[in-house]
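Enquirer: This is what each chain is made of:
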Amino acid sequence: MGDGTLSDWERSSTARVIPPARSRKLAKVPFVELADGRLQGVVSSGSDIGRVYVSSVAAGSYAFACSTNNNRPCGGARGSFCNHIGALINESVLQYGAERVVRYLKAEVPEGEVDGAVLASAMRSTRPQMDETKAAASVFSRFLRHLAYLEHGPVTAPLPEMHFFPPTRAVA
Amino acid sequence: MRADLFAEPVEGLDEALAAVDAFDHALVAGLLRAQAAEPAGPTVLAQALAGTPLAGRVAEAAGKAAAGAAGEDHFVALAAGRTALLGSVHDALLTRIEEAVGRSRGGEAAPVASAGRPAANLLTAARAWLSDLARCGWQGIDHEVVSGAAEVVSAMLPDPSLRRLAALLDGFAAELAASCPGASAERFPVRRWADLWSRGMLLTLPGAAVAPVAGTADGRLLPLGIDVQEHATAAQAQVHAVLEPADGSAPRLVRASVSVPKPDTVVGAGIWQLLRPHLSLLAAAGEGRSMQLTGMPVTAEGDLVWSDDHARPGEPAEAFATARVALPSAVAAATAPLDRHPARIAVPVFLEGYTARTDDDGAVTFTIAGLELPVDTDRIPAAGPLTPESVARSSACIALVRWDAGTFGVQPLAVETTVRKKVTAVHAGAWAGGTADKAGVRAEKAATDAAKVLSERAGRLLRK
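Heads up: the sequence lines are chains A and B, in that order.
Numbering that gives the first Met the number 0 numbers the first residue of the first sequence as 0 and each following residue consecutively.
Numbering that gives the first Met the number 0 numbers the first residue of the second sequence as 0 and each following residue consecutively.
No lab work stands behind these hints: they were computed from the structure.
Any given hint could turn out to be false.
No farther apart than 25 Å at their CA atoms in a straight line, the calculated lysine-lysine pairs in the DSS-like style are these [claimed, not checked]: (1) B/Lys421 with A/Lys27; (2) A/Lys133 with A/Lys27; (3) B/Lys421 with A/Lys24.
Stretch by stretch, here's where chain A covers chain B in the computed footprint (C-beta under 8 Å, at least three residues) [said to hold, decoys possible]: (4) 150-159; (5) 220-230.
For clarity, every value in this text was computed on a predicted model and none was experimentally measured.
All residues carry an ideal CB built from backbone N, CA and C; glycine is no exception.
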């Protein structure tokens, strides 16, 4: 970062920084995010409509966690990734694109096409540990915050600031 | 149109932008860090403002920054100085565009809203967060600093009068979070983040975000096209239109806007579904109809503050007919003083008689009277029938003239293409009110399903 010539991207007021999320079906995994140094999200229970699982995989160490929103540990996630974590990884790849998820998790994946299964198995093969940091409560509250965005009504007074946020046809 | 004017240099532009760049570079390392460059960025900014009413305040703030002792008020002064400088850039660029397209501007600049309201706690909290960023610099950001915005934004969103700042901070914080830690980032969107930072800083001043209603509009509203803006958690649609006042006075260029916060998984057609119920004009613009306005509130900037109570459907009005007949004589309103920024420039124009070219990388260029104008096809919303391919095949175009990264360009809102000797109009916002198009119906269905899951979850989990 010197006094050299700036690239067009660096001197653009409307440079695109994050590609928009890709559309995906939300029924199974209503919430996925790359935040707090983890891939984390909320997975619907297959059997009980009132129950959700909070699942996460940490970047770098791939330390994993899965529990219900009432903090009951998931039976499937004792030794390795459970099905909820598998679903979380699959949906994250759909929403953000494999490249961004792989980069965020600092995962080492084989050359060629990467999908959720390839990514999960690459991380599983390093024999990751259970995550003891108990992030479920904060992930769940981030999910509630995410849902709260549906509750705010539209306004018809102009927001001139939105001119800084043009859409992009590029996909994640 | 005098396209040749777009190629002429704008006097003073390079000097003003050089001072902006110097300041922006200081934000990379942090405003209180000793600067490698001599003189330091804030000092260069202050020198560029010499002789203006802001000179003293900005010079003092630059001095404090150089001594590592600048506080929040000094950051506000620096943000104001940068905004004023870019305001002058805006004015010069807009004058050039109006010369080129032959548009006249009515009236004086709108008066600045008086700072009547006391500083709300939320504005103070927002300013504190932005000040933290200025101290860290983009190289110093980490998740802890960035996450400070979340609480402020959540508290602001329920209050519609704070939407401008909330939408800005939310979009900005998401970009910063995706770039953490700053220490390992290879490059930064230097001008953009400085823009968002300064804009945010100014909006923390009480009254800065108020755009008062200056009167009411009566007459026939003829839509030209729809401009969509969005980040992960907010979207806005702006309809550009010509108002033919009922009193027979000169036609005016106006805008009508609707915006909404959204979860990041609501995209494409889902955005139209959120916005559609609150602006009947979206459907009218999509279907090619005019609307009759009676007593519609309007700001001095020409923004209709829409309420369906003041509008009813009118006769069919083809946008290209409006663009050919009514647009050339329509008068534009002056930009509100604080909103003067090059990124805010969006001048509706009708183009024809150009040749379109697509390069190997997909970039589309119009050549008009020998001048090449880049076409920003990336801004065409994905949930619509207009595509870069149809733009490249077009013979006429309704567009917004914009300026970014040193270049004038056009953003297509609609094009006319000729298929088997038949002229067809294709609009970027054609699906705004709904569509029978096959791909559109599929996109609508996917969006409805996603929205259903989220509201079902919200109903079950929120307010428990």
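Enquirer: Can you list which hints this structure breaks, lowest number first?
Expert: Violated hints (numbers, rising): 1 and 3; every other hint is consistent with the structure.
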